[in-house]
Amino acid sequence: MNLILTLIENMFLAAIPAVGFALVFNVPVKALKYCALLGAIGYACRTILIYYQFPLEWSTLLTSMLTGTIGIRWSRCFLAHPKVFTVAAVIPMFPGVFAYKAMIALVEISHKGYSAELFETMITYFLRASFIVGALSIGLSLPALWLYRRKPSV
Amino acid sequence: MEFDKVHQRQREITRLCIQCALLLLQHGAESMLVEQLSTRLGKALGVDEVESSISANAIVLSTIYKGHCLTSTRKNVDRGINMHVVTEVQRIVILTEHRLLGIDEVEKRLNHIKPLRYPRWLMVLMVGLSCASFCKLAGGDWDAVLATLLASGVAMYARQVITSFQINPLINFFATAFVATTVAGWLVDWMDISKASIAMASSVLLLVPGFPLINSVADMFKGHINTGIARWVMASLLTLSTCIGVVVAITVWGFRSWL
Numbered sequence: 001m002n003l004i005l006t007l008i009e010n011m012f013l014a015a016i017p018a019v020g021f022a023l024v025f026n027v028p029v030k031a032l033k034y035c036a037l038l039g040a041i042g043y044a045c046r047t048i049l050i051y052y053q054f055p056l057e058w059s060t061l062l063t064s065m066l067t068g069t070i071g072i073r074w075s076r077c078f079l080a081h082p083k084v085f086t087v088a089a090v091i092p093m094f095p096g097v098f099a100y101k102a103m104i105a106l107v108e109i110s111h112k113g114y115s116a117e118l119f120e121t122m123i124t125y126f127l128r129a130s131f132i133v134g135a136l137s138i139g140l141s142l143p144a145l146w147l148y149r150r151k152p153s154v
Numbered sequence: 001m002e003f004d005k006v007h008q009r010q011r012e013i014t015r016l017c018i019q020c021a022l023l024l025l026q027h028g029a030e031s032m033l034v035e036q037l038s039t040r041l042g043k044a045l046g047v048d049e050v051e052s053s054i055s056a057n058a059i060v061l062s063t064i065y066k067g068h069c070l071t072s073t074r075k076n077v078d079r080g081i082n083m084h085v086v087t088e089v090q091r092i093v094i095l096t097e098h099r100l101l102g103i104d105e106v107e108k109r110l111n112h113i114k115p116l117r118y119p120r121w122l123m124v125l126m127v128g129l130s131c132a133s134f135c136k137l138a139g140g141d142w143d144a145v146l147a148t149l150l151a152s153g154v155a156m157y158a159r160q161v162i163t164s165f166q167i168n169p170l171i172n173f174f175a176t177a178f179v180a181t182t183v184a185g186w187l188v189d190w191m192d193i194s195k196a197s198i199a200m201a202s203s204v205l206l207l208v209p210g211f212p213l214i215n216s217v218a219d220m221f222k223g224h225i226n227t228g229i230a231r232w233v234m235a236s237l238l239t240l241s242t243c244i245g246v247v248v249a250i251t252v253w254g255f256r257s258w259l
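Order-wise, the sequence lines are chains A and B. Under the working numbering, the first residue of the first sequence carries the number 1, and numbering increases by one thereafter. Under the working numbering, the first residue of the second sequence carries the number 1, and numbering increases by one thereafter.
To be clear, the hints were calculated from the coordinates, so they are not data collected in a lab. Treat the hints loosely; a few may be bogus.
Computed spacing ranges between beta-carbons, pair by pair [what the hints assert, rightly or not]: (1) Gly46/B with Leu5/A: 57 to 63 Å; (2) Ile4/A with Asn226/B: 43 to 49 Å; (3) Ile229/B with Pro55/A: 16 to 22 Å; (4) Ile8/A with Leu240/B: 34 to 40 Å; (5) His111/A with Arg74/B: 18 to 24 Å; (6) Glu105/B with Ile8/A: 26 to 32 Å; (7) Arg11/B with Ile8/A: 23 to 29 Å; (8) Pro119/B with Leu145/A: 36 to 42 Å; (9) Leu5/A with Met191/B: 23 to 29 Å; (10) Arg73/A with Arg79/B: 40 to 46 Å.
For glycine and all other residues, C-beta sits at the position ideal for the given N, C-alpha and C.
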């Protein structure tokens, strides 16, 4: 029961940034609701995977592959490139807070001098952030590469 | 006489192909899409082959028809990510492929694409709400969410004002990050929020270069290493200038609640 409530809350919270960033990318008005839906589906999928003890990076990779596959499906109905939906949809999964913490730790090291703790914080968060960004972008590209090797999807 | 006519037609097709490619490249399409769509447009209009070479700030494109080859080059200026333009160009290409548009109509339609711009207040509101959602998702309490909402709304407004002056994006990102951190830091100190770092981190998230990063990896993955590296470097520079903005704001105002 607790999982379902968290899931609903997270889906709602993820749909908002998906639409917000879709506006920043000037996605056509008609595609906005698909961005929101795809953002919610993606975040829900990742929440479920993390709940079942998958590592964050692998759940992100699988989720972005799912997002990419759904994006290709929808792009055929909408006659638009899949990226129109998918990039805005994965924005809620970007590791912003990790990247921020890594950067602040780096600045603290230069400010106060080396300490093992700060260095550990920096490396840990930096690696997490980079692997998640890699998982997101490679995950989005993979479905297009293996479903449509010979001809374009739209 | 006949040859002149054919030549003229090939020249027009070349122009349309490169216009299509340039529009896509300027508005943030990945290189494979640029290459594919310009080739498809050319073939639909009747030339035999379209070959293109894409780099970060120029595009070279040749059409080949009955052994005659015509080449054209255009400089590329980044006009910001606009998926509306990309979608419109793609529709024009698909319509042409289905023999619904001739050369004249394609030209008219390509010239009449007006980039979609959402109203400012709507973007400020939605981006503010987005960053507030990030804060909530990262585990912030309602005070932190409120601080993030205000800070990122103000920052988004600043970003739009700076964009309207057509200032270099790197300076824009620096200034926006500075504004976001300043407002967030003041609010966090004033409201005495316990999870300060989450609020401060979330309020600069509107500057995440998501599209350039994903495009760059997609480019490199699909064999366009050159453009991929160029985009990756640009995304990194944008991130770096965001970092500098945050650090300068923290240092100038002496915010203590860092980590």
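Verification of the supplied hints:
no.	hint	result
1	Gly46/B with Leu5/A: 57 to 63 Å	holds, 59 Å
2	Ile4/A with Asn226/B: 43 to 49 Å	holds, 48 Å
3	Ile229/B with Pro55/A: 16 to 22 Å	violated, 29 Å
4	Ile8/A with Leu240/B: 34 to 40 Å	holds, 38 Å
5	His111/A with Arg74/B: 18 to 24 Å	violated, 47 Å
6	Glu105/B with Ile8/A: 26 to 32 Å	violated, 48 Å
7	Arg11/B with Ile8/A: 23 to 29 Å	violated, 59 Å
8	Pro119/B with Leu145/A: 36 to 42 Å	holds, 38 Å
9	Leu5/A with Met191/B: 23 to 29 Å	holds, 28 Å
10	Arg73/A with Arg79/B: 40 to 46 Å	violated, 30 Å
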